[in-house]
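When you get a sec, could you build the whole thing from the sequences and use the hints?
For the sequence shown, the positions run 0 to 300 when numbering that gives the first Met the number 0 is used.
If you are wondering where the hints come from, they were derived from the structure by calculation, not from laboratory data.
Any given hint could be a false lead.
As the list claims (entries may be wrong) - Subject to a maximum C-alpha distance of 30 Å in a straight line, what follows is the list of computed DSSO-like cross-link-like pairs (lysine-lysine):
#1 240 <-> 258
#2 240 <-> 281
#3 222 <-> 281
#4 258 <-> 281
#5 258 <-> 222
#6 240 <-> 222
#7 281 <-> 62
Said to hold, decoys possible - With beta-carbon atoms standing in for the labels, derived distance ranges:
#8 68 <-> 25: 34 to 44 Å
#9 68 <-> 38: 28 to 38 Å
#10 255 <-> 42: 40 to 50 Å
#11 281 <-> 194: 19 to 29 Å
#12 269 <-> 80: 33 to 43 Å
#13 40 <-> 201: 13 to 23 Å
#14 21 <-> 251: 42 to 52 Å
#15 24 <-> 212: 22 to 32 Å
#16 218 <-> 46: 30 to 40 Å
#17 238 <-> 38: 15 to 25 Å
A virtual CB, placed ideally from N, CA and C, is assigned to each residue, including glycine.
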Amino acid sequence: MTSGNGGGNSSGERRTPAADAPECVRLAEGLRELRARTGLSMTELAQRTHYSRSSWERYLNGKALPPRQAVEALSGLARQPAGRLLALWELAELAWSGRASGAASAPGPATQGPAAPKAAPKTAAPKAASMTAAPAGAPSRWRSGRGRMVALLTAVVLVVAGVLVSVALGGAGGRPRADLSGPASSPVPGCRGSGCEGRDPELCDPSGRDVASHSAPGGAWVKIRYSRTCGAVWAVVWHSKVGDQLRISVPPGDSAPRKVVIQEFDTERMVPTPMAATRRVKGARACLVSVSSHREMCFQA
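This is the structure we're talking about:
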């Protein structure tokens, strides 16, 4: 829909019922995560794409459905595959257009199909047209069913591709069952050791293992996480404020300190620092600098 996609009308400034649909909420969260990966401010994001700062604010806040091209552009800037978000976009587009509720009942109107030729059985041409086109009484429902099918097929393709990659990396031989079960308990990391230095934890092991946590004045909560598989440590923060700085450092000689500055929309989610490669988690140190008080709160693993 052009009105939902553009997000430029006055109604786009207010949250609509569609904006609270689970599909739309997940899409907005995914977009915010991608924007955080880019490290770009809202102004820089507008300069690097064909969409204005105000449009991106509505897209990331979930107040408007972004165009499909905007999702692809943001994925490109973040150097991430667009498949998962495009599948979410397909489902969100159904909710925004009001066709999601009709998709479930799509088979129902099919009974009206034979009635259309009877209304005008003058020539064979109209009958042939009715075989390829949606019934005149419910075109949107047929399109919604098709869109939903596209989204589901996209999701299935992504899952199957992930399984095939896991099998290939695991060296599938004569024991496919063992190969498929391996990644569930020991995920294949996208990087390891020094290769993880300064990179996003999502590339290796986004969950990690909590080794220390601390609450900061103002309600922020900080944790230090470590992954032996990746050979790296990082810090995460919740309930922070725009402008706060989170830094992770490891024992001298391992790697340089890594930090992240909380930007717009980051306050609504968990924000990780880049990874710091290390062989030992003991001595890892996380520091949160408050933008309001300029005070630094630090703790160690």
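For each hint, the structure was consulted:
{"no.": "1", "hint": "240 <-> 258", "result": "holds, 15 Å"}
{"no.": "2", "hint": "240 <-> 281", "result": "holds, 28 Å"}
{"no.": "3", "hint": "222 <-> 281", "result": "holds, 14 Å"}
{"no.": "4", "hint": "258 <-> 281", "result": "holds, 19 Å"}
{"no.": "5", "hint": "258 <-> 222", "result": "holds, 14 Å"}
{"no.": "6", "hint": "240 <-> 222", "result": "holds, 16 Å"}
{"no.": "7", "hint": "281 <-> 62", "result": "violated, 44 Å"}
{"no.": "8", "hint": "68 <-> 25: 34 to 44 Å", "result": "violated, 20 Å"}
{"no.": "9", "hint": "68 <-> 38: 28 to 38 Å", "result": "violated, 22 Å"}
{"no.": "10", "hint": "255 <-> 42: 40 to 50 Å", "result": "violated, 28 Å"}
{"no.": "11", "hint": "281 <-> 194: 19 to 29 Å", "result": "holds, 22 Å"}
{"no.": "12", "hint": "269 <-> 80: 33 to 43 Å", "result": "violated, 22 Å"}
{"no.": "13", "hint": "40 <-> 201: 13 to 23 Å", "result": "holds, 21 Å"}
{"no.": "14", "hint": "21 <-> 251: 42 to 52 Å", "result": "holds, 47 Å"}
{"no.": "15", "hint": "24 <-> 212: 22 to 32 Å", "result": "holds, 27 Å"}
{"no.": "16", "hint": "218 <-> 46: 30 to 40 Å", "result": "holds, 33 Å"}
{"no.": "17", "hint": "238 <-> 38: 15 to 25 Å", "result": "holds, 21 Å"}
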